[in-house]
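*Asks:* As given, the protein sequences belong to chains A and B, one line each in that order.
Using our numbering, the first residue of the first sequence is number 72, and each one after it goes up by one.
Using our numbering, the first residue of the second sequence is number 40, and each one after it goes up by one.
Calculated lysine to aspartate or glutamate pairs in the EDC-like style (CA-CA distance at most 16 Å, straight line):
{"#": "1", "chain 1": "B", "residue 1": "89", "chain 2": "B", "residue 2": "266"}
{"#": "2", "chain 1": "B", "residue 1": "175", "chain 2": "A", "residue 2": "94"}
{"#": "3", "chain 1": "B", "residue 1": "175", "chain 2": "A", "residue 2": "117"}
{"#": "4", "chain 1": "A", "residue 1": "213", "chain 2": "A", "residue 2": "245"}
{"#": "5", "chain 1": "B", "residue 1": "95", "chain 2": "B", "residue 2": "127"}
{"#": "6", "chain 1": "B", "residue 1": "208", "chain 2": "A", "residue 2": "117"}
{"#": "7", "chain 1": "B", "residue 1": "178", "chain 2": "A", "residue 2": "94"}
{"#": "8", "chain 1": "A", "residue 1": "376", "chain 2": "A", "residue 2": "276"}
{"#": "9", "chain 1": "B", "residue 1": "178", "chain 2": "B", "residue 2": "210"}
{"#": "10", "chain 1": "A", "residue 1": "337", "chain 2": "A", "residue 2": "301"}
{"#": "11", "chain 1": "A", "residue 1": "373", "chain 2": "A", "residue 2": "279"}
{"#": "12", "chain 1": "A", "residue 1": "168", "chain 2": "B", "residue 2": "146"}
{"#": "13", "chain 1": "B", "residue 1": "48", "chain 2": "B", "residue 2": "254"}
{"#": "14", "chain 1": "B", "residue 1": "178", "chain 2": "A", "residue 2": "117"}
{"#": "15", "chain 1": "A", "residue 1": "220", "chain 2": "A", "residue 2": "94"}
{"#": "16", "chain 1": "A", "residue 1": "252", "chain 2": "A", "residue 2": "301"}
{"#": "17", "chain 1": "A", "residue 1": "213", "chain 2": "A", "residue 2": "244"}
{"#": "18", "chain 1": "A", "residue 1": "376", "chain 2": "A", "residue 2": "261"}
What the hints contain is simulated information worked out from the structure, not anything from laboratory work.
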Amino acid sequence: MKLTGIREAYGETLAALGELYPEIVVLDADLSGSTKTSLFAKKFPDRFFNMGVAEQNLMGTAAGLAAGGKTVFASTFAIFASGRAWEQVRYSIVYNKLNVKIVASHGGVTVGEDGGSHQSAEDIAIMRVLPGMRVIVPMDGKEMQEVIKAVVKIPGPFYIRSSRVKFPLILGDDYKFELGKGKILREGKDISLIGCGLMVSHCLEAAEILAKEGIAARVVSLSTIKPIDEELLIDCALNTCGIVTAEEHSVIGGLGSAVAEVLSEKNPTRIVRVGVQDKFGVSGSAPDLLEYLGLKPGNIVKAAKQIMEHRSQKTEQAVQAAK
Amino acid sequence: MLDTEQIKKLESLAKTIRVDILKMLNQASSGHTGGSLSTVEIIVSLYFYKMRHNPKDPTWPDRDRFVLSKGHGAPALYTVLARSGYFDLSELMHLRKLGSILQGHPDMKVTPGIDISTGSLGQGLSMANGMALALKLDKRPSRVYVLMGDGENQEGQIWEAAMAAAHYKLDNVCGIIDHNGLQIDGPVNEIMKIEPIADKWACFGWEVFRVNGHDFREIISALDKAETVKHKPTLIVASTVKGKGVSFFEGKVEYHGIPPTDEELAKALVELGIKS
Numbered sequence: 072m073k074l075t076g077i078r079e080a081y082g083e084t085l086a087a088l089g090e091l092y093p094e095i096v097v098l099d100a101d102l103s104g105s106t107k108t109s110l111f112a113k114k115f116p117d118r119f120f121n122m123g124v125a126e127q128n129l130m131g132t133a134a135g136l137a138a139g140g141k142t143v144f145a146s147t148f149a150i151f152a153s154g155r156a157w158e159q160v161r162y163s164i165v166y167n168k169l170n171v172k173i174v175a176s177h178g179g180v181t182v183g184e185d186g187g188s189h190q191s192a193e194d195i196a197i198m199r200v201l202p203g204m205r206v207i208v209p210m211d212g213k214e215m216q217e218v219i220k221a222v223v224k225i226p227g228p229f230y231i232r233s234s235r236v237k238f239p240l241i242l243g244d245d246y247k248f249e250l251g252k253g254k255i256l257r258e259g260k261d262i263s264l265i266g267c268g269l270m271v272s273h274c275l276e277a278a279e280i281l282a283k284e285g286i287a288a289r290v291v292s293l294s295t296i297k298p299i300d301e302e303l304l305i306d307c308a309l310n311t312c313g314i315v316t317a318e319e320h321s322v323i324g325g326l327g328s329a330v331a332e333v334l335s336e337k338n339p340t341r342i343v344r345v346g347v348q349d350k351f352g353v354s355g356s357a358p359d360l361l362e363y364l365g366l367k368p369g370n371i372v373k374a375a376k377q378i379m380e381h382r383s384q385k386t387e388q389a390v391q392a393a394k
Numbered sequence: 040m041l042d043t044e045q046i047k048k049l050e051s052l053a054k055t056i057r058v059d060i061l062k063m064l065n066q067a068s069s070g071h072t073g074g075s076l077s078t079v080e081i082i083v084s085l086y087f088y089k090m091r092h093n094p095k096d097p098t099w100p101d102r103d104r105f106v107l108s109k110g111h112g113a114p115a116l117y118t119v120l121a122r123s124g125y126f127d128l129s130e131l132m133h134l135r136k137l138g139s140i141l142q143g144h145p146d147m148k149v150t151p152g153i154d155i156s157t158g159s160l161g162q163g164l165s166m167a168n169g170m171a172l173a174l175k176l177d178k179r180p181s182r183v184y185v186l187m188g189d190g191e192n193q194e195g196q197i198w199e200a201a202m203a204a205a206h207y208k209l210d211n212v213c214g215i216i217d218h219n220g221l222q223i224d225g226p227v228n229e230i231m232k233i234e235p236i237a238d239k240w241a242c243f244g245w246e247v248f249r250v251n252g253h254d255f256r257e258i259i260s261a262l263d264k265a266e267t268v269k270h271k272p273t274l275i276v277a278s279t280v281k282g283k284g285v286s287f288f289e290g291k292v293e294y295h296g297i298p299p300t301d302e303e304l305a306k307a308l309v310e311l312g313i314k315s
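Pulled out of the complex, with its shape left as it was, chain A reads as follows (with noise of 0.2 Å):
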């Protein structure tokens, strides 16, 4: 599979909209050669700001500059974006619906070498939580590329998950991104893989081998987490045996989280979470790490047949109660 990145696919498509809009502002903290935003100064100089190794400040400035008329695009590491600053995110921005994106580069655990200090495997809860806030990660450079193109064009606020690692490209050219929308990248009866992110890819693979043993998957793209896609989740409740989701974040307060809150009150069912099971990430290579955590296909394979197995010996009851 082709691989595209994620930072790169953000930079670029920043840099473009700048000549669109003039309103356009970009602000990052001391690590714009690593989040892409230094493709827009560039450019742009005059409407770029590097705030220093500063994130409290640099989401303060952000809201001023929102307040002022300005889209705002800030972007630090996903760690510092939404940890080292989340007051600053909630009260300066969130709280006052300020226009302020916040493209968060190095999310998840892919970051590898640098180790726990500097993997986010909680940003997708903390971000989540906050009233008003919408939380977006993309699958792939193509649709992280329509993603801000997107969000341009939508006042408010956001938190977009990048990424330090290139993620295999799954959509075609005419992707259309849609706020709120998940997407049905494969059809299948039996049990729904769904996932964001990196994992997107992971839960298509798996339903490769899950195709092999006779299990047909249908996996489903949730990039938006929040507001988050009800109906195909109550769709994908009501007509597969069960549900894994899969993602780059810990199973505590992400995707995973999201989708069982609104199954548990709207149609109850079976979940498995894949994910980073409440632990810190170590130091080691990206794919060491994915399978150090439990994060590759066949992680969400053996997910999806434990569901299968719970079914099967429950109609196994179900018959023998029968009779």
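The hints should help you fit chain B onto chain A, whose structure is shown.
*Replies:* Just chain B, lined up with the frame of chain A:
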């Protein structure tokens, strides 16, 4: 500069505003008395002398902005906004009540005239800098005034923002510190020493002025001078008295976050020359 007659008018207005503040806090049975009373002359100088603003058009793009970074001083700001004509004076009596346009801390979403929400200490200067950058990008002549508490200077974000304002040469930012020397737990320099505060700001690249924060002539003179400084932000360290204007509140730590009781209100109104 103003003549004696104009200064007298401002002094009389300050007294009216102190009465409003005490009445609204008493009615709310909640809120910050000491740190509201200490800011009165500063906020009155801004809204009734220095700032270009239009109560009939609160979002006028060319207005000067005000950021009350020490958001707990909201009662003083609300009173000044009401007396300027942003909303009816009767709103003051709904302070902190459910459904009121006057939240416990300033909220841009519900109160006409509030340029940005504040109250979580340390966040105001960063937002003021952002506004100032936007004004410069748009080539507007407006200025941004930001009032901070002295205890608030213990927040790290203030210093991140202080560095950034000087770095970006934000001469349209004017900071003011309400230096009343007290915070919730006690005297500022016993809780966490901030002195020499003026030197610290000067070291960070700001042009610093010192004034008596209850003397209109000094405040206004500093505000006028600040406007002439180019290529660097300005800071006015205003020495004030917490609880100013009511003898039994002045300099008392315990009146940081406590409203006046009915009895205290009655006594205070007598001191301020109001009979009932």
